[in-house]
Structure formats: structure tokens, C-alpha cells
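Asker: One-letter residues, chain by chain:
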Amino acid sequence: MSTSEEFASLPPPPAPARVQPGASVPPTRRAERLLPGGSEWTFELIERYDREIARIAQAYGLETYPNQIEVISAEQMMDAYASHGMPVGYTHWSYGKHYLSTEQTYRRGQMGLAYEIVINSNPCIAYLMEENTLPMQALVIAHACYGHNSFFKGNYLFKTWTHADSIIDYLVFAKRFVAECEQRHGEREVERILDACHALSNLGVDRYKRPNRRSLAQEQARLAEREAYLQRQVNDLWRTLPKAHDDEGDEPARTFPAEPQENILYFIEKHAPLLEPWQRELVRIVRKISQYFYPQRQTQVMNEGWATFWHYTILQTMYDEGLVSDAFMFEVLASHANVLTQPAFNSQRYGGINPYALGFAMFRDIRRMCESPTDEDRRWFPDIAGSDWKKTLDFAMRNFKDESFIAQYLSPKLIRDFRLFCLIDDDAEPTRRIGAIHNDEGYKAVREALSKQYSLAEREPDIQVVSVDLEGDRSLTLHHFQHKRRPLSSDSEQVVKHLAQLWGFTVKLETRTEDGQIIPVHECRVDRGQRGLSGTAATSSLRRMATR
Amino acid sequence: MSEIIDRRANGRRKSAGNQQRFLKRYKAQIREAVARSVTQRKIADTDRGGNITIPARDLNEPNFSLGSGGARERVLPGNETFSTGDTIPRPPGGGAGGGGGKAGDSGEGEDAFTFALTREEFLEFFFEDMELPDLVKTQLAQIPQTKLKRGGYRSDGTPSNLSIVRTMRESLARRIALAAPYRQQLHEVDAQIAAERERLAAASPDAGPLTDDSRPAVDDTALSALLVERERLLGRITRVPFIDEFDLRYNNRVPQPRPISQAVMFCLMDVSGSMDENRKDLAKRFFILLHLFLTRHYERIELVFIRHHTTAAVVDEEGFFHSRESGGTLVSSALELALQTIKDRFPTDQWNIYMAQASDGDNWESDCPRCHELLMKEILPLVQYYCYVEVDSAQPQALWEQFEVARAQVRNLALGRILGRGDVYPVLRELFSRKERMAA
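Chains as they are written, first to last, in the numbering used here: chain A, 1 to 548; chain B, 1001 to 1440.
Hints in this document: simulated from the structure, not taken from any laboratory. Just so you know, not all the hints are guaranteed correct.
To spell it out: a stretch of chain A is covered by chain B in this simulated footprint if at least three of its residues, at any positions, have a beta carbon under 8 Å from a beta carbon of chain B; those stretches are [unchecked claim]:
no.: 1; stretch: 309–320
no.: 2; stretch: 339–349
no.: 3; stretch: 374–383
no.: 4; stretch: 414–420
no.: 5; stretch: 432–439
Lysine-lysine pairs mimicking DSS-like chemistry, simulated, CA-CA at most 30 Å apart [to be verified]:
no.: 6; chain 1: A; residue 1: K413; chain 2: A; residue 2: K444
no.: 7; chain 1: A; residue 1: K175; chain 2: A; residue 2: K159
no.: 8; chain 1: B; residue 1: K1027; chain 2: B; residue 2: K1042
no.: 9; chain 1: A; residue 1: K175; chain 2: B; residue 2: K1042
no.: 10; chain 1: A; residue 1: K288; chain 2: B; residue 2: K1024
no.: 11; chain 1: A; residue 1: K413; chain 2: A; residue 2: K390
no.: 12; chain 1: A; residue 1: K288; chain 2: B; residue 2: K1042
no.: 13; chain 1: A; residue 1: K497; chain 2: A; residue 2: K175
no.: 14; chain 1: A; residue 1: K444; chain 2: A; residue 2: K497
no.: 15; chain 1: A; residue 1: K497; chain 2: A; residue 2: K159
no.: 16; chain 1: B; residue 1: K1027; chain 2: B; residue 2: K1014
no.: 17; chain 1: B; residue 1: K1027; chain 2: A; residue 2: K497
no.: 18; chain 1: A; residue 1: K175; chain 2: B; residue 2: K1343
no.: 19; chain 1: A; residue 1: K270; chain 2: A; residue 2: K444
no.: 20; chain 1: A; residue 1: K497; chain 2: B; residue 2: K1024
no.: 21; chain 1: B; residue 1: K1014; chain 2: A; residue 2: K175
no.: 22; chain 1: A; residue 1: K452; chain 2: A; residue 2: K153
no.: 23; chain 1: B; residue 1: K1042; chain 2: B; residue 2: K1343
no.: 24; chain 1: A; residue 1: K270; chain 2: A; residue 2: K413
no.: 25; chain 1: A; residue 1: K153; chain 2: B; residue 2: K1014
no.: 26; chain 1: A; residue 1: K390; chain 2: A; residue 2: K159
no.: 27; chain 1: A; residue 1: K452; chain 2: A; residue 2: K159
no.: 28; chain 1: A; residue 1: K175; chain 2: A; residue 2: K288
With the Cβ distance kept under 7 Å, some of the chain B side facing chain A (calculated, not the full set) [claimed, not checked]:
no.: 29; residue: E1061
no.: 30; residue: L1066
no.: 31; residue: R1119
no.: 32; residue: F1127
no.: 33; residue: F1242
no.: 34; residue: S1274
All residues carry an ideal CB built from backbone N, CA and C; glycine is no exception.
Please work from the sequences and hints to get the whole structure.
Answerer: Structure below.
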């Protein structure tokens, strides 16, 4: 998700946070500086609060894109949910489904809507709900417009993988293009391609190569040229096929691709033999958009932690300066505490580690280590203990993702505070086992395990294109590089079908175990007799193979 | 500097297009779900949107993901009693299970997707099921029309409804009331001024203007104080606002439903053993359609359910559709009961009476003449319209012939045989085409 949906469905409950007295301002002066309070917001008030928040954020050295704050209604918020928060998007049934289910849970009161959504774009667009009270608006402005915003601008993953300047343009282009295709080729055809691409959207990223940027104008100018060129290139690849073996005979068989390809959508876009130019463009659109979302999946703890840290710090500063009243601060802190609830693993409400709680605690902890380090901190973090907290935090925000951030910064104190422990569940063993707990022997192990828990390798299967049978039936083979013997879920059968639709020929999925064995998982054969050359209505028959 | 924009006035339901795609894609499942939901709803509730549940597996969006099994290592918060090396048995049911027995990988378990259809969407699917012609669909889908009628005045409203005369009347009254004490004082002060002037004039009888320096100074401080007071009072009076917010009065208009009349709909059904669930379902659709038609034309509709086998009884909707009795069939018992109910509760000068009867056509041979007589002599003259359907019977049955004979003689009788859902509408077709005449 590109957007961070804030505070959505966290259960109420919470350890009350303490209001620290505004020590720096004597009570008599407080009244003079106080901004207008109350719970009703107006545009003038939002503007005044925003001005103060911006001033404080700047004083703390936060670099942000300019903000575009948009006030929207609950219904519009549900619309925004359905389209991953993006202001424009192409039409697809899955977004409708998303909307309907959001609406359903919202109407039944099972879930509150987010207070805001923020989009990684330049200017940074933040949606505020009209239902929010004034203190909530101030909180979400500090959180989204200065916290998330500075993260989007500073973090290396976002800098590398997303183009904040052009994303909105690109979405407009995508919407228009999809609509045009629907007119020309029919909704069903377009839907078929998009469905297939969506199934593969997590595999549409080059993880190590930075993509180059293009604006809307370039995108359009490129289209015509690309279409012709692409088709030619595809044809080139296949034209070399039927060449008979040279007389020497012992020339090694040409393997294609030369190396395994992890960006499956890119591979399809460039090499699927039967796709038409517009279909390739659709593949490209889904790939581009999923690439835009790629950093979000890897920085949830950091992103939320950073934003929460800053709304807390900024509003606390406003309070210390005497800009806001006790009542204001109580409301802010009540919501703040709500968001940070971390139920224990054996609680009814446990739903995984709360990224807000973990991230916030970590940034606070780094600041603590800078400002008042203990001996333990000096031992564990000699570079951080006693350093300038603003610089240290800024460095952490810019150069890490969740996985490395935790590996680098999770302190023994936090492991104790959260009472983290590590549970090993190996189906080769008769029972589950506690691997490590919060003690001297366990700190490193827990930290390493938690860090891995946030790595993509641990969360998503590693699937790559390994070969195309150029000389034979043009079948495409994928390998699932297995990790810790974890199998694929049953969904993969459907995904292979979708892939076969795009590829146009047989697709095989095999699992490569850690000791190098190769086990077939699924194979989707495409019956060529019934398929027109355009690739329409490929009927596929699926043969399920033994699953190990 | 941030830019702050109010987007609330912008289009809502931006994703309406996406929803349409969704409904289109899952049309078959939704139609089925609507059909299922119709059988569970009360007749009078059909005219409403509602929740629809379709199987979630159909709309799964697959992705490559990891399944359960293999070796997993997880970090959990809130350790209380564990120490390194402790072993914990797996929860029964094997699999991935959570640390505390109910951790969060239950995402796939959902097997139903529930969402809300609006009234229009719901009716659309229902009508499609019934194969209604478009014209009728639009008639039925209409929201009952209302007319705005004057209903006095109110203190809030839109500026365009401002009643100026009323507002000014309020304003005048308020001004009079608020200024009254000052006016009274003003009167008194005026009187004192007059008295003072007289006194001064008397003090210097040959006086010229008072300001003349050559005259001996006269003590006029009291007069000037009075004049100042007079100015103050005038000021107070002018400061009473000419118009104030609570003077405002707006014309109040209340919506009133247009066809202001009431109807009663009798549902008669044979519940003898031969009426199975399928037949009842067809009958129900027939009743629903008639009810929908009536809701478009009458403000208030009463429903009376009469079920019968050899004896008839007035029951509630639940008992009407869901109970089953065995035994023979005496249609005349139901007709008699209906007639009695009309006489007792629904005088024809106040009620439009519609009757709908569903049956599988069985009746005792000897009962038929009695039915014919009741129908022709007593019932048909009282009712607006009588519809009879024979559900799911291969051959026209005894009762059918009776009705055939009757139809030749009167106009307000419709009959039809319903084998499938598409057959329901034609029975009521004439009723729908008579709409204009009825409305007139």
C-alpha cells in the first residue's frame, strides 16, 4: 500500500499516557499564546495549526515535500481505501469489491475509518476526515504531513523506487490508457489481462536495479514508438528459433533467459510471444504501479514509527510552548495511546506486532540512548550513545528499511520492555520450541529473528523465471527457490493459470529445495488448437502434480 | 506552505464504476443470492436494499504466497513464563497455528463475502429474475412520489424559503418589545424637557435666545443634562437591531405522498400437502410483485394472509409460507373467510381491495359450484382486482375451469399458470397496463 491508513481498527483500551506539565512556559503566559481550542475545526484553524506545526517541524530539521491537505467525507475516505488511497486509478472490479467490503464493515461498526490517508507524491497529498475533531486534525497533520511526508522524501527506498513527482501523472495516464483499451478491445479482454497481472503484481519489481523516470508527456510520446519496437524485438527473439543446429552439432544449447529473472511481469512484458502491444502496455502499467508500492511493504514499522514519533514530539513541543491547552493534549494523548497498544501474544486482541508501537518505541529509544545513555547502551551502541539525537534519527530514517533498521537499532531495553521471545515452529520437530527470550543470551537471537521477520525473503516466496524452451514447445519454467522447506500456498495453482494466459504457452512451476532437488508443483498447459493467434480465450487445462 | 483544500463537495462514490464492474462480473452469483434472499424476506421488505452474501472463493484474487509447513521462526511480544528451550505442543489441527493458539493467520478462513446492495440494485436483480419488461421495471423502481405542501413556518431553512412578511413581523414585534422601556423613559424625559424650558422661559420673561451673552446667565444645567439623557435614550432605541437571527422565519414545506389512499391485499394460498417449497416460492414471487405494484400506487397497504386446506385461517406471513398441512382442499372456505374479513375490517368505501390467490389447482369437485357463486356474486363486485395463479401444475386443474368461466364474464379477474419465474409477470400484465387508467 502506498498509503498509510492510520489508526484504523485498533481496539480501544489503553494505558493512559501522562501529560507532562509545560515546564518551559509559566502559567500566566500560557493563556496569551494559546491557539483557539475546542473540538470544532475550521479551515482557518487548520491553517493556523498547520503553520505552527510546520514551524516546529522545520526547527527539528524535517525536510518535507510541500503539503496539499484535503478534507474529505467518510464516503470519500472509503473511495480512497478502495483505490489504495490514490486519487485516480483505472477501473477494475477488485477495487469495487474492496469498496463494498469496506463499506460493509464500516456500516456495521466493525471498523472505524482511518483518520487520514497520505500519498507519497509531490506535493504530498493528505486526506483528513471531516469527522475528526480539531485536536485530531492537528495530530494527523503532524503525523502525515510532516512525519510521513519527511519519510517519503528522505528514505532511500522511496527515493530509489518511487517518483513522487510523476506518480499522479502516471496514474492519470494509466486510467486513460485502460479506458481506451476497454473501448477498443472490450472490457472483458482488458479485465482478463489485468486479473492475470494483479496475480503477479508482487513479482513485478527489480529489487536491485533502479528504474529511470519518465513524465506523462514522455510516457505518451514513447508509446507509439515502443509498440512497434517491442513487437519487433519479440519477433526477433522467436525468429532465431527454427534455425537448425549447426553442422558442428556440439554447440551448447542456447538457454534463455541467460540468468534467472525475478521480475516476472517485466519478463512477460518484454518476452511473451503472443501479447499485442496494448496488452504489453497493460502489463507495464500494473508493474509500474506495484513498483511504486514496493517500498511501502518494507518500511511499515519505520514509516509509522517515524510519523508517530514526530506527531508526539511536535505536539508535545506545542504544549510546552503553551500553544495548546491541557484538554487538547489529553485528547491527543488518548488517541496516541490507542494507536500504540500492543496486546500480548496470548491476548484475545493480539494481531501481530503493532508497527506503530514497535516503530515509535524504537525511535524514542534511539533518542533516549542519545540523550541519557546507560552503561548497557554504551556497550551495545557505542556510536549512538551520547550523540546528537536529531542527526542520529535522521540518519536512521534515511538509510534503512524495517529489516535492517531492527537489526541495527533494536536495543536490549526494548526487547525487555516488549518481552519479546522467539518461537521456533519446525514441522520436522514434534513440538514447538522457544528459541530465545529477553535475556543476555537471547538479545541477539531475538533481534536477528525479528529483523528476518520483516525481510521479504521470509514473507514472500522467491519465484523466478529460469528457462524458456526455445527449441521445443515454448514452455516457460519458473522455479520457487525454497527457503526453510516452506511450501507455496494453494493459491499458486490459480496464479500459474493466470501466468499461462499471459505467456500463451505451457507454464511450469517447480520447487527447488535447499539441497538442490527440483520438484514439479503445477503445470498449466495451453491448448493451442483453440487459441487464436491474438491470444484470446486461451483455454487451459491444468494438471496437478505431486506436491512433494 | 501547505495548501488546504475542501474536497467534500467533490464527487462521492468515485469508485462507483469499480462497483459496477464487480456487480457485472459476479452477476450470476449475485442473482442467485438475491433469489435466495427473496425467499427469506417478508413480502413487504422486498422493496429495500440489503445485504447479499456470495461465496468468497469465487472472488479470490490469488497471489503467490507461502503456505503452512516447513520451519518458521517468529518473534512474539508479552512473554511471561517461557524460558529458552521450553517446548510447547502444537495446537490440535496441526498446521501453522499461532503462538497463543489464535494468532493472526486466519485471513484465508473467510468463506462468504457479504456486501450491501442498494434498493435499486436489489430490485434490478429481482426484476431480471422475473423477466419484467423495462417499462414495468421503471415504474416499479420509482420511489413513491411526494408533493411538497405548505406546513406553516419554521425558524430554520434555506434562504430561498425565507418568508419576508413573517420575518418582518417578528422583527417589528421584537423591536417594539425591546425598545419599549426606552421609549417610555423618552416620553418622560421629553415631558421634563418641556417643563424645564417653560421654567427657563418664565425665569427670563423678556428673554431672547438663551445663549445671548448680554443676558444674565440662567442656570440651564438641568436642561442640558436632560438633553444628554434624551440623546442616550434615542441611541439605545436605534441600537435595537433592525433584524436579528431569531426573527427569521422560513416557509415550511412538508412532503406528502401523492397517491393518498389505502389498499388491502389479500393473499390466499392453498397449503395442502401438494404445495411444496418450490411451488410456495413461485407463489411468493407472485405475491411480491403484486405488492410492489400496490406500493407504487397506495400510500398504505395492509396485507392479509389466508391459508387454507379444508378450513381457512388468517395467519401471519411466517405461518403462511412455512407451515404445511395435509388433507383435502376446500377453496370456498378461504373465499368465505376473505369475504368475512372484508365485511368486518375493510369497508369498500375506504379500502381498495386486491386479492391474489395461489394454488396448485386442487379442489373438491363438489366445492367448485360454491366457489363460482361466491366469486361471481359476492367477491368480484367488491374487489379492484383478483388474480389467480396455478403454480407448477402440468395440466389445468378443476379450479382453473371455474375461473376460466368467470373470466369470460368480468373484467377484474386475471389468471395464469406459473411454471417458472418468468411466468409470473404475464399474469399481472393487465394490471400493470391499466396503471394509467387507475391513476386517473
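Asker: Quick check on the hint: B:R1119 CB to chain A CB, less than 7 Å?
Answerer: 15 Å, violated
Asker: Is the hinted pair B:K1027 and B:K1014 satisfied, with a Cα-Cα distance of at most 30 Å?
Answerer: Given that 30 Å is the threshold and the Cα spacing comes to 21 Å, the pair holds.
Asker: What's the verdict on A:K413 and A:K390, does the C-alpha distance respect the 30 Å limit or exceed it?
Answerer: OK: A:K413 and A:K390 at ~21 Å, within 30 Å.
Asker: Is A:K153 within 30 Å of B:K1014, Cα to Cα?
Answerer: 28 Å, holds
Asker: Would the hint on B:F1127 stand, with a C-beta cut-off of 7 Å toward chain A?
Answerer: 21 Å, violated
Asker: Return the status of the interface hint for B:F1242: holds when the least beta-carbon distance to chain A is below 7 Å, violated otherwise.
Answerer: It is violated, given that the least Cβ distance between B:F1242 and chain A is near 28 Å, above 7 Å.
Asker: Verify this for me: three or more residues of the stretch 414–420 of chain A with a beta carbon less than 8 Å from a beta carbon of chain B.
Answerer: holds (count 3)
Asker: Would the hint linking A:K497 and B:K1024 be met if the CA-CA limit is 30 Å?
Answerer: Within the cut-off at roughly 22 Å; holds.
Asker: Hey, B:K1027 versus A:K497, does the alpha-carbon distance stay inside 30 Å?
Answerer: 23 Å, holds
Asker: Taking 8 Å as the C-beta cutoff, is the stated coverage of the stretch 374–383 of chain A by chain B satisfied by three or more residues?
Answerer: Per the Cβ count (0), the hint is violated.
Asker: Does the stretch 309–320 of chain A contain three or more residues whose Cβ lies closer than 8 Å to a Cβ of chain B?
Answerer: violated (count 0)
Asker: Just to be careful, I want the Cα atoms of B:K1014 and A:K175 compared with a cutoff of 30 Å; is the pair within it?
Answerer: 13 Å, holds
When held up to the earlier numbered hints, the structure conflicts with 1, 3, 9, 12, 14, 15, 18, 19, 24, 31, 32, 33 and 34 and fits the remainder.
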